[in-house]
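Please assemble the complex out of the two chains, which come individually in their own frames, going by the hints.
Chains as they are written, first to last, in numbering that gives the first Met the number 0: chain A, 0 to 244; chain B, 0 to 347.
The hints are simulated quantities; they were obtained by calculation from the structure and are not laboratory data.
One or more hints might be untrue.
Capping the alpha-carbon separation at 16 Å, the derived lysine to aspartate or glutamate pairs in EDC-like fashion look like this [to be verified]:
| id | chain 1 | residue 1 | chain 2 | residue 2 |
| --- | --- | --- | --- | --- |
| 1 | A | K73 | B | D279 |
| 2 | B | K174 | B | E27 |
| 3 | A | K71 | B | E80 |
| 4 | B | K4 | B | D63 |
| 5 | A | K71 | A | E7 |
| 6 | A | K73 | B | E80 |
| 7 | B | K206 | B | D17 |
| 8 | A | K74 | B | E80 |
| 9 | B | K4 | B | E66 |
| 10 | B | K243 | B | D197 |
| 11 | A | K74 | B | D87 |
| 12 | B | K233 | B | D283 |
| 13 | B | K204 | B | D12 |
| 14 | A | K74 | A | E152 |
| 15 | A | K71 | A | E239 |
Simulated restraints on C-beta separations [what the hints assert, rightly or not]:
| id | chain 1 | residue 1 | chain 2 | residue 2 | range |
| --- | --- | --- | --- | --- | --- |
| 16 | A | S182 | B | E66 | 29 to 35 Å |
| 17 | B | D300 | A | Y18 | 58 to 64 Å |
| 18 | A | V167 | B | E66 | 38 to 44 Å |
| 19 | A | W243 | B | E2 | 17 to 23 Å |
| 20 | B | T7 | A | L127 | 22 to 28 Å |
| 21 | A | Y33 | B | R126 | 57 to 63 Å |
| 22 | B | G160 | A | I114 | 53 to 59 Å |
| 23 | A | S85 | B | S53 | 19 to 25 Å |
For the chain A half of the interface with chain B, some residues (derived, Cβ under 10 Å), not all of them [to be verified]:
| id | residue |
| --- | --- |
| 24 | A2 |
| 25 | R6 |
| 26 | G9 |
| 27 | A10 |
| 28 | L80 |
| 29 | A82 |
| 30 | V84 |
| 31 | R241 |
| 32 | R242 |
| 33 | W243 |
Note that this is a predicted model, so its numbers are computed, not measured.
From the three backbone atoms N, C-alpha and C, an ideal C-beta is built for every residue, glycine too.
Each chain is listed here by its residues.
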Amino acid sequence: MGAIFRREMGAFFASPIAYVYLTIYYLFAGVCFYLFTLSRGIADMSGLFSMLFWATFLLIPVLTMRSFSEEKMKKTEQGLLTAPVSLGSIVLGKYFAALAMYTIGVAIVFVYALILSFFGAVAWGIVLANFIALFLLGAAFISVGVFISSLTENQFIAYIIGLLLIFVMCIVQSLAGFVENASVPDFFQPVVGAIAAGMNALSFYNKFYDFTCGLFDLSSVLFYVSCAAIFNFLTVRVLETRRWR
Amino acid sequence: MIEVKNLTKYYGDHLAVDNISFTVEDGEILGFLGPNGAGKSTTMNMLTGYISSSSGQVLINGIDILEDPIKAKANIGYLPELPPLYQDMTVMGYLNFVYDLKKCKLPRKAHLTEICNLCKISDVSGRIIRKLSKGYRQRVGMAQALVGNPPILILDEPTVGLDPKQIIEIRNLVKKLGKRHTLILSSHILSEIQAVCDRVIIINKGKMAADDTLDNLTKSVSNINRMTVRLDGKREDVLGAIRKIPGVKSVRADMERSGGTFDYEIVMEDGADITVMLNDMCRDMGLSIYRMANDEMTLEDIFMRITMGEDMTKENKSVPVIKLITPEEQKAAKETAQEAAENKGGEE
Chain A
0 MGAIFRREMG AFFASPIAYV YLTIYYLFAG VCFYLFTLSR GIADMSGLFS
50 MLFWATFLLI PVLTMRSFSE EKMKKTEQGL LTAPVSLGSI VLGKYFAALA
100 MYTIGVAIVF VYALILSFFG AVAWGIVLAN FIALFLLGAA FISVGVFISS
150 LTENQFIAYI IGLLLIFVMC IVQSLAGFVE NASVPDFFQP VVGAIAAGMN
200 ALSFYNKFYD FTCGLFDLSS VLFYVSCAAI FNFLTVRVLE TRRWR
Chain B
0 MIEVKNLTKY YGDHLAVDNI SFTVEDGEIL GFLGPNGAGK STTMNMLTGY
50 ISSSSGQVLI NGIDILEDPI KAKANIGYLP ELPPLYQDMT VMGYLNFVYD
100 LKKCKLPRKA HLTEICNLCK ISDVSGRIIR KLSKGYRQRV GMAQALVGNP
150 PILILDEPTV GLDPKQIIEI RNLVKKLGKR HTLILSSHIL SEIQAVCDRV
200 IIINKGKMAA DDTLDNLTKS VSNINRMTVR LDGKREDVLG AIRKIPGVKS
250 VRADMERSGG TFDYEIVMED GADITVMLND MCRDMGLSIY RMANDEMTLE
300 DIFMRITMGE DMTKENKSVP VIKLITPEEQ KAAKETAQEA AENKGGEE
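So here's chain B without its partners, still in its complex pose (with noise of 0.2 Å):
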């Protein structure tokens, strides 16, 4: 278990972890998210006694990082940023010697092949580092984490810099780690956290911004269930049965498509299910369905609406305000830019 309280750093005069605090219980997969420079690595960093914090407290399992670095850091496996390779070792003779340093007791053969086909670089294991692409690197690095088998694993951007075969390989073992192991992973890229954790802490200019589960946090950013289906049909008669259907709170038509259809955006009621209902319609009024999407918000949705909800209000005041736009005042917005485009046309 980890427990991080009031945690705050201060590069000089530049605060680059303001205030955080959070717990991640044992077995549990946190995503650390943040654009660069953020603030992850910092926090990461002072969460595995790199470097010290300014305020604040890190406990791993109990112990303060601090006060018995020794008996927490024996808890941790890290990868930092960078991994810290030594390019003129073997990667046999590297793990053993994380192993010596690490002062393990597990049976050293038994343990560092395990790790080898864990990370699958057992085929690699008695070249020099230097000569390993950066993917195998990555993967070494991650073995080292992985020596004495600590109970939480910390990885910071593991996949930076990968192809995206790499990629995927990386977070399928991230995914099988997480059920031995107590694991934070940062990343700036989204379907990574989104593929892996249960939990998202977002880091934004070193305050956390959100700290939740995905489904909660989509939920929270956007608790309205809208839709678009394009249909063909004539657009007035459409739009008028789409409203009859029970669950529907508003409807409104997109500009023309191809071959005559349209794309109607539909916003429904809470926990209202109309696809059986608009299926049904599209039957009776002999229509014919050739998209049907449920507008869902991505985490790059949820990630932009807070981080640019924080930059706006905080620093540019002066500048017209971009705050977060809720689908009714953007559905009002747009209306308001077609009614100034009709009256200009009248004009004319």
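Bound conformation, chain A alone (with noise of 0.2 Å):
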């Protein structure tokens, strides 16, 4: 794991990818922060965090598109895969080189803070809990990238993909607002609550925003991890299969 782990961070930085990614994120993050905080001369960030959680599915898979889809276009995964590592570590190693390159993005809010500490009182635990917050969806969100990307073997379907798939998780709870206000007969009613409830438990939004709010909840940690865990494994199970074919 150690081994792809540095590689993969190699290559990051070999490339174009981390230097554009980081420009872009920091850009975004820049602009974010004079307008929500700077601008209005108040000591509050929740507007650039806000802006983060919707900034996070257009550039994880940024991250996440060639992570194996490079590999299984050069054939360079035919050295990893007879390898004596295990698939688990491969993913593992691609997976939080790639968590790895998007802490370095978010890291910057406590730059932001330190420079907000100058002029007047930051609420560290805020910050704190919003940096835990976007870390635990990242680490989500970058499952799901890598998942998609070891399906195909091409880098900008695996963007696209992607990008819809977790646009979609970012929005579930609005989608739920639609399921709960359609017109259906009454007897269906039961039916669409409940699958609006489900819904909105699965919202990324809804566990992200407790915590801007400073609410820490192990179950929504638990939430994150799980996804995360889920489509790492879905991944493995990718690979795995494919060898089968």
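Next comes the structure, spelled out in structure tokens:
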């Protein structure tokens, strides 16, 4: 796992991806920080954090699109899959490398908080909670991106499908609202209600929002972590089944 | 040691490898020969655990590749058809990665330096792989397989796409490696296998067509000794004289060459050596020898016979059958043709 992690990190910085990703992420975060905090003259960073939530579905697939697609395309996966390592450690090596890149991006919020601390009282607890929320969100979504990447050898398709799937995960609570308000015959109402409730329970945003308010909920942490575990497991299964075809 | 038992692979409905079994002893160099698409790479991919077999078993030093893949794979160095090189890394960076990936325990610097020297890539060790020539990439691929000094090496067409000089270099390297490792080498180039391997397995359409040492293979397909001599002198006299040499089964004159010479195709009895007597005969009759050659079957001939034979018997039953033709049959056929030609000439 360590070898793959190090190689992946090296590959990020040997290709333009790391620089493009970090540039866009920092630019976006900087603009939001200026618009929602600096220009208003307040020490509240919640505007920035909720914008960073919406940046994830656009930017996380950039980090994950190449992880398995490129290996498959250039046949380098043959080296990995015939090496004496388990499929799990291959997947985790790639997963943690992408997560590390993502974390380097998210960590910018501490720089902003530090800047802010010269001008006013920063609620460090809230900043930390938001950072953890963004980190967990990334941990879940990156596993989705890596999974999508293992399904195709085309990086562009991996990006688009990853983006769509993560976007749906981001807005699942809004979709639940549509389902709830759908006009259906009365006897279907309980079913529709149950579906909407289920969709709300799966909402990534609601749990993220709780964090941003400073509510640390262990069940939310478990939700994100198990999402990551499930998708990483699915990626292993994809690699496994591909050998049998 | 590699044991392969009844290995079969289906891609969907397509049968790519059909019930192959063989054993490779320690220290043996095995050649895997077959036309493109015969199932060589598929078999090698199954041996190395890259893909799974549909049925059958592969044991690497007694370890089942599907039951304990990590342990089994630790015994194998694999050079796939396309070396799995990361284009954006330097040669040394890549070898270090492979070293870590294989969890190698040997002293890092000494081991990697030794491999670089062996594969002659020391001078490019700091360069980005993307910028290397094909020959160098192939050698880096070879180096990658050698990391960790695995007892078994599996090389899939190591010389494909290289220039003649590079081919010779890789071939010499393979020979050198064969002294320390158990080695399987695939190729569709026969001279390569001939130059390097002790034993040959011929695969055609997923089936094993032959499994034997090179010598036995040559003998089994053509157990008749033939030689060709080009002599001057009168045809009938020479034919008569050659027939009298003990050990000669039959002799036939070919068409006339320049300067009134003829090629005589001589078929000898098994183990007979008529070279000396032929020389004596020529001296006695005052003949000059322009050319003398033993008609040994090349691997090419063997290969063509075995693979063609399968083709004809299995698929094209309705078309005129070209089966394995023995020299006698060949001769008979030619004589009939000659007779026919003569008859035709007579009619005119």
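Evaluation of the provided hints:
no.	hint	verdict
1	A/K73 / B/D279	65 Å, violated
2	B/K174 / B/E27	11 Å, holds
3	A/K71 / B/E80	14 Å, holds
4	B/K4 / B/D63	11 Å, holds
5	A/K71 / A/E7	15 Å, holds
6	A/K73 / B/E80	12 Å, holds
7	B/K206 / B/D17	5 Å, holds
8	A/K74 / B/E80	10 Å, holds
9	B/K4 / B/E66	15 Å, holds
10	B/K243 / B/D197	39 Å, violated
11	A/K74 / B/D87	14 Å, holds
12	B/K233 / B/D283	14 Å, holds
13	B/K204 / B/D12	14 Å, holds
14	A/K74 / A/E152	10 Å, holds
15	A/K71 / A/E239	14 Å, holds
16	A/S182 / B/E66: 29 to 35 Å	58 Å, violated
17	B/D300 / A/Y18: 58 to 64 Å	59 Å, holds
18	A/V167 / B/E66: 38 to 44 Å	40 Å, holds
19	A/W243 / B/E2: 17 to 23 Å	22 Å, holds
20	B/T7 / A/L127: 22 to 28 Å	58 Å, violated
21	A/Y33 / B/R126: 57 to 63 Å	44 Å, violated
22	B/G160 / A/I114: 53 to 59 Å	57 Å, holds
23	A/S85 / B/S53: 19 to 25 Å	23 Å, holds
24	A2	3 Å, holds
25	R6	5 Å, holds
26	G9	7 Å, holds
27	A10	6 Å, holds
28	L80	5 Å, holds
29	A82	5 Å, holds
30	V84	6 Å, holds
31	R241	8 Å, holds
32	R242	5 Å, holds
33	W243	5 Å, holds
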